[in-house]
Every structure is written in structure tokens, then in C-alpha cells.
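2 protein chains.
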Amino acid sequence: MSIAILFGGSSYEHEISIVSAITMQKVFKKTPLVNIFVSSNREFYLIEPRDMKSSTFSSGAYKKMQKLEIKKGGFFVSKMFGAKAVEFNTLLNLIHGRDGEDGKIASLMEFFSISYISSRLEACAMSFNKLYTKFYAQSIGVKSLDYQLLNNESMREVLLPFPLIVKPCRLGSSIGVSIVKDKSELDYALDVAFEFDSDVLLEPFIANIKEYNLAGCYTDKWELSIVEEPKKDEFLDFDKKYLDFSRDGKAVAANISQEIQNSIVESFKAIYGELFQGSIIRCDFFEVNGEIYLNEINPIPGSMANYLFEDFENMVLRLASALRFEKKIESKYAYINSIQSAKGKA
Amino acid sequence: MSIAILFGGSSYEHEISIVSAITMQKVFKKTPLVNIFVSSNREFYLIEPRDMKSSTFSSGAYKKMQKLEIKKGGFFVSKMFGAKAVEFNTLLNLIHGRDGEDGKIASLMEFFSISYISSRLEACAMSFNKLYTKFYAQSIGVKSLDYQLLNNESMREVLLPFPLIVKPCRLGSSIGVSIVKDKSELDYALDVAFEFDSDVLLEPFIANIKEYNLAGCYTDKWELSIVEEPKKDEFLDFDKKYLDFSRDGKAVAANISQEIQNSIVESFKAIYGELFQGSIIRCDFFEVNGEIYLNEINPIPGSMANYLFEDFENMVLRLASALRFEKKIESKYAYINSIQSAKGKA
Numbered sequence: 001m002s003i004a005i006l007f008g009g010s011s012y013e014h015e016i017s018i019v020s021a022i023t024m025q026k027v028f029k030k031t032p033l034v035n036i037f038v039s040s041n042r043e044f045y046l047i048e049p050r051d052m053k054s055s056t057f058s059s060g061a062y063k064k065m066q067k068l069e070i071k072k073g074g075f076f077v078s079k080m081f082g083a084k085a086v087e088f089n090t091l092l093n094l095i096h097g098r099d100g101e102d103g104k105i106a107s108l109m110e111f112f113s114i115s116y117i118s119s120r121l122e123a124c125a126m127s128f129n130k131l132y133t134k135f136y137a138q139s140i141g142v143k144s145l146d147y148q149l150l151n152n153e154s155m156r157e158v159l160l161p162f163p164l165i166v167k168p169c170r171l172g173s174s175i176g177v178s179i180v181k182d183k184s185e186l187d188y189a190l191d192v193a194f195e196f197d198s199d200v201l202l203e204p205f206i207a208n209i210k211e212y213n214l215a216g217c218y219t220d221k222w223e224l225s226i227v228e229e230p231k232k233d234e235f236l237d238f239d240k241k242y243l244d245f246s247r248d249g250k251a252v253a254a255n256i257s258q259e260i261q262n263s264i265v266e267s268f269k270a271i272y273g274e275l276f277q278g279s280i281i282r283c284d285f286f287e288v289n290g291e292i293y294l295n296e297i298n299p300i301p302g303s304m305a306n307y308l309f310e311d312f313e314n315m316v317l318r319l320a321s322a323l324r325f326e327k328k329i330e331s332k333y334a335y336i337n338s339i340q341s342a343k344g345k346a
Numbered sequence: 001m002s003i004a005i006l007f008g009g010s011s012y013e014h015e016i017s018i019v020s021a022i023t024m025q026k027v028f029k030k031t032p033l034v035n036i037f038v039s040s041n042r043e044f045y046l047i048e049p050r051d052m053k054s055s056t057f058s059s060g061a062y063k064k065m066q067k068l069e070i071k072k073g074g075f076f077v078s079k080m081f082g083a084k085a086v087e088f089n090t091l092l093n094l095i096h097g098r099d100g101e102d103g104k105i106a107s108l109m110e111f112f113s114i115s116y117i118s119s120r121l122e123a124c125a126m127s128f129n130k131l132y133t134k135f136y137a138q139s140i141g142v143k144s145l146d147y148q149l150l151n152n153e154s155m156r157e158v159l160l161p162f163p164l165i166v167k168p169c170r171l172g173s174s175i176g177v178s179i180v181k182d183k184s185e186l187d188y189a190l191d192v193a194f195e196f197d198s199d200v201l202l203e204p205f206i207a208n209i210k211e212y213n214l215a216g217c218y219t220d221k222w223e224l225s226i227v228e229e230p231k232k233d234e235f236l237d238f239d240k241k242y243l244d245f246s247r248d249g250k251a252v253a254a255n256i257s258q259e260i261q262n263s264i265v266e267s268f269k270a271i272y273g274e275l276f277q278g279s280i281i282r283c284d285f286f287e288v289n290g291e292i293y294l295n296e297i298n299p300i301p302g303s304m305a306n307y308l309f310e311d312f313e314n315m316v317l318r319l320a321s322a323l324r325f326e327k328k329i330e331s332k333y334a335y336i337n338s339i340q341s342a343k344g345k346a
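Chains B and A are the protein sequences, given in the same order.
Counting along the first sequence from 1, when you hit position 45 you're at 45 in this note's numbering, and nothing is skipped either side.
Counting along the second sequence from 1, when you hit position 39 you're at 39 in this note's numbering, and nothing is skipped either side.
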């Protein structure tokens, strides 16, 4: 079984996707990897294992590498006569942010019939947009924090009490996120957030809130990671999160009660449900007074949260074997034929 | 300005998309059309205007026509040396159901930088799934009917009173929809609905409910159709709806009070909002005791609801000129460079 790592993309998280993909080279110890880079302008390149280092991308050297085209059944190298397929069994979508997490890559894989590990289209739509995540959480009975949506730059009347967290609706990795302690800091924080997104979410900021992460997937059984309490200062900024994308060691399990552990696991299973089948996701939770709240769903977590699992590589292989596909729909043209015969047309 | 009509697709509504596309040939009187067919197995074919008749598709004759490939910038004919682009200004997504309305086509157009009229990815996700439509309606303060979700074939305990409507969550054109008058009819209706979707929505069935349709878009101003009261027997089944897809005459405006008219228009504008920019949608509303409820949002309505507009063709051209594109995100590799220099690497 070989795995294609798809990374890069037209996204503010382009670079951390590269870091995630480089990390995968160490994480997969026995599985042959094929590396497919998506440039910022959305062209595909085949990157040889020896070139999987950051300078290949930052120097632009990738532009001299083998260009690929996506077509029905896979990625192809153009040849004078016909096209040659790049061989792999399943693709792992490792594009963070736009393209990878918003559902575009999932759409391409479904459309071109390529076997892939990733949140599917609807799952991406519901998790990439933090507002929709709240709708979804509510519908399955999982709590999330209070919020207010600002969907217009000029609309700045805040109804929640300070301090607040200000978040662009559709970005991960803490990009454009600010903590706002009082009204004097609000305008700048909103300017920053609206720079990245036309929809901005406000949530109460709770100092020293307990935060827990759990990742997992469903193969033919639940495969759940340890629960980690992520290290943080007051707040994880982009630079610090960046380091998360290169993690390949093993995390330490949080020291929590069985009750909290169970509550986190049950919330994760409810969230994953049917919607996230085919994917490995990481859910970030808060604990407030013994109750678990969903903070966010990472449909393509940094370095696939490999560091949270006992045996990440074999889990990926099991998931690749368990993937389900969209139902085939063949048209028999029954309606057109019946209308034609009613009209007496050929 | 020329328009490409994209139709067909891997969908239960494949055939009605063909009917919609054939209708467009009559509706566009001055604009040159390029017709691109997506077969059930998702291959692209260029169909000459003279071949835009149903027998081209039902007979399989399309398979002998020019095959196209989608790539950055458009659709291409493969040539011995290089590839030749099919020329058009903007594509009109006319694929009903899966692929067209679920966000896949929108994803392809964004990814390959093709100018297109269609609900965008998130808009598709929120309107294709009738459950998500309810979340969305609630978030913008538009009423919709009570509901119950069944997301497991074995889960058949109904909490709503009879009579009910049973609907697969993700299908249009009334496919798989049943009215259930009492408990004895329930199992069969659920069997049918689960045949098409793993999620099934139940809603109260209100006999003789008033139904109103309004279509429109935002160009540099609101462009709204008349409000139509669609003809129906107890229920519009697939055969009757089918005829809707070939409509090219003019509909008659419903005889309603100014108050109801305003309420429908305001609901439409709230729904369209920012989410549906770039698209022409039709919203179907109910009136219950003078109050307007959203029934469903059609992100790609049958024959684009052309029959509801005074001058559909010019509106499409205005919308094509007003289309906005995703923000370009160029990576400057600032983070990778800073990490490299911190590590002293080349």
C-alpha cells in the first residue's frame, strides 16, 4: 500500500502544509510515499523524496520538477503519446486552510474518482466555517461557547461582555485571531480579522480555561488518540502553532478524571458520526465547570495529529482500506425516453 | 459575451439537467452558447448546438462527440501538440442534484479559475442539505417548518404528529419524497427515502398550504422575479416537476397582498445575502396564517427559473459581468525562510 501526500494549496496555511508534509516523511516508516505539491496558483508537482525539504518550495525549485495533471482516476504525467498515471493506493489530503479544509480537494477527489483520506465536502463545509460548526454542534447536542457573528465590516456593535476572542470564521492556525480585553482594543482586532474574512465570530475569552485535544477516526472500529492538554501561554499564536505542524514525537496524556475523559470521547464520537467518515480529525474542547464544550473541529489537523496516536502509520493504512465511496448513479434515460415516445419523436 | 452551459452530471437529476439545458437554447436569443455535457461517469463532452436534443444523450450518441478536459483556465480539446481551449466568457452551472448543487462543480470552477454563475461551495452545502438549510434559515431569522431528522434506517420512532412529509435530506425534484397520512404508510415511505439518502427529514404536512416561489440574484442591484404560486395537485411529483425544467414561457404573478409580497421579498434577500453571491437561486416559501416560511432553496433551479423573469437573458449577462472571485493568496514563504535562518539551513 502506498500513500500520496497532497500538500501546499492556495491558502494562508500553505507553508504549514509544507511543514506537515515534511513531517510525514519521518512519520511513515514502512509505507512508500508519493508527494504531490499544489502550488499557490494551484498547479500540481510531483516532488521526489530527496526534495522534500522546505528550501525546495521557498526557493521556487519545485517549478522545475515534474508537473502533473489531475484527471479521471488520478494524477498524470503528460507524455508525447498519452499520459502516465502516478501510482499510489490512497491520497492523504494534507492541505490546511482553503482548498484542503473548505471542501475543494474533497470535491476534486470525488469528481475524479481518486481514493482519499480527508473530511468529505459537507464535513469540510461544517467544520471550516466556525459558525457552521456551532450549528452542527447544536444539532448533535454538543455544547459550544456563546457567540456573536459580525458579517459586515461596518457592523461593530458588540453584545457580548469583554474580554472576547475575535476570530475570522474560516481560518485555522490562529491566523487573524485576537484576544480583546476591552473596548479600546476592539477596532484593531476587527480590522485584522476582517482582513482575512468577511465573517467574524466573537466568543467570550475565559482566562485559564482548560483545553483538551482528541483526534481519531472510524475504520471498522473507533480509533481514538490520547487526550492531550495542549501547552499554551495565554494564547497560541501562529508561530507557536507552526511548531505543532512539525511534531512527530509522542504527546503525553492529560491528567484528567475518568468522567472528563469519557465526556470528551463521547463528544468526539457524536461529532465524527457519519459526517466525518473517511477522515482523521482533531477536535479541540474546552472544559468549563466540569462540562465539555467544542472549541473547533480540525478537518485536516496539523501533521495529522500523528503525535497523539500510538501507531499512526498503521491506523492510516487501516483507514485507507475502510474507505467508502459515493454511490454510483447511472442514468438509464427512462424519463427522456418516455417523453420522446409520448411526443412521437425519434 | 458567450456563455457555456454545463449540464448532465452524476446525479439522480441527470436527465432533467439535460431538459434544462435544451430549454436554455431557446431562452438565450442573442448570446452564443457553448454546451458542455458531463456524462454519468463524469467525462466532459462538447455538444454542438444542432445536437442539443434529448436523443443525443439517451442514444449514447454523445460518446462520439468531442471529449474535453478540465484544466487551469477552462476546458480543453487535446491536440497532438498542446491543447486548445474551448472559448466562452462565463459558465452557467446547470447541473441539478449531486455534483452541481452539492458544491463539486463550484469547487472545480474555483480551483481551475473558470468564471462561473452558480451557488458557491458553502452556499451549495447549506442549500443542498435540507437540514443545513434549516440551520441557516434560523441563523438569519427566517422561519422554516418544524422537523425531525432520522439518520439511521433502523431509527423509526416518529415524534411529529401525522400527516407528515418524508424527504431525503439531499435530493431535489421531489425524488424519494412521500406524504405519509398515518403510521401504516410510514415504513414504506422511509424505505423509499433511505434508498436515496442516509439522512431523512420529517416535516408536518399541511394540506392546502399556500406555496410561493421567488427567484433572483444580486448583480449591482437586486434583480428579483415575480412571485409565482406554483400549480400543484396534492403534491408535485417527479413527472410533473419534470415539465418545469422545460418551461420557457412566462409565468403569471401570484395574486397576493402587498404585505405577503414584501415579506417574501425580504425573506429572499436575507437568504441570498452574501452567501449566494454569483448565483441565481429560487426560494420556495410557504404561507401559514400570514407568516412566511422557507420551504427550500434551489441553488440551481430547473431551467434557471427563466420563466419567472421579465428579461432573463440580459440579467444573466449582467450577473456574468458582476462576478467576484476568490481572493488570491500568494505565499512569500516568510515562515519557512525565518525557520530556515533560525536553524542556519540553506
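Simulated from the structure, these hints should not be mistaken for laboratory data.
There may be inaccurate statements among the hints.
No copy is singled out in the list; a pair is fine if it fits within one copy or between any two copies.
Once the Cα atoms are required to be at most 27 Å apart in a straight line, the calculated BS3-like pairs of lysine-lysine come out as [to be verified]: (1) K71 - K327; (2) K26 - K79; (3) K327 - K250; (4) K250 - K63; (5) K71 - K84; (6) K332 - K210; (7) K181 - K250; (8) K64 - K84; (9) K63 - K143; (10) K210 - K143; (11) K79 - K181.
This one's a predicted model, so the numbers in the text were calculated from it and none came from an experiment.
When Cα atoms must be at most 27 Å apart, do K210 and K143 count as within-copy, between-copy, both, or neither?
within (15 Å within a copy, 37 Å between copies)
Classify it for me, K79 with K181: is the Cα-Cα distance of at most 27 Å met within a copy, between copies, both or neither?
Result: close neither inside a copy nor across copies, 59 Å intra and 62 Å inter.
At 27 Å max between alpha carbons, let me know whether K26 reaches K79 within a copy, between copies, both or neither.
Classified as neither: same-chain Cα gap 32 Å, cross-chain 42 Å, threshold 27 Å.
How would you classify K332 and K210 at a CA-CA limit of 27 Å: within, between, both, or neither?
neither (56 Å within a copy, 35 Å between copies)
How do K63 and K143 come out at 27 Å by Cα distance, when the copy is not named: within, between, both, or neither?
Close neither inside one copy (46 Å) nor across copies (52 Å); limit 27 Å.
When no copy is named, should K71 and K327 be tagged within, between, both, or neither for a Cα gap of at most 27 Å?
Intra 20 Å, inter 25 Å, cutoff 27 Å: intra and inter.
Measure nothing new, just compare the shortest in-copy and cross-copy C-alpha distances for K250 and K63 to 27 Å and report within, between, both or neither.
neither (35 Å within a copy, 54 Å between copies)
Same-copy or cross-copy closeness of K327 to K250 [CA-CA at most 27 Å]:
neither (38 Å within a copy, 38 Å between copies)
At 27 Å max between alpha carbons, let me know whether K64 reaches K84 within a copy, between copies, both or neither.
Both. Shortest intra-copy (18 Å) and inter-copy (24 Å) distances satisfy the 27 Å Cα cut-off.
Within a copy, between copies, both or neither: where do K181 and K250 come within 27 Å Cα-Cα?
neither (35 Å within a copy, 58 Å between copies)
Is it within, between, both, or neither for K71 and K84, if the alpha carbons may be no more than 27 Å apart?
Cα proximity of K71 and K84: in one copy and across copies (11 Å, 17 Å).
Hint check: violations occur at hints 2, 3, 4, 6, 7, 9, 11; the rest are consistent with the structure.
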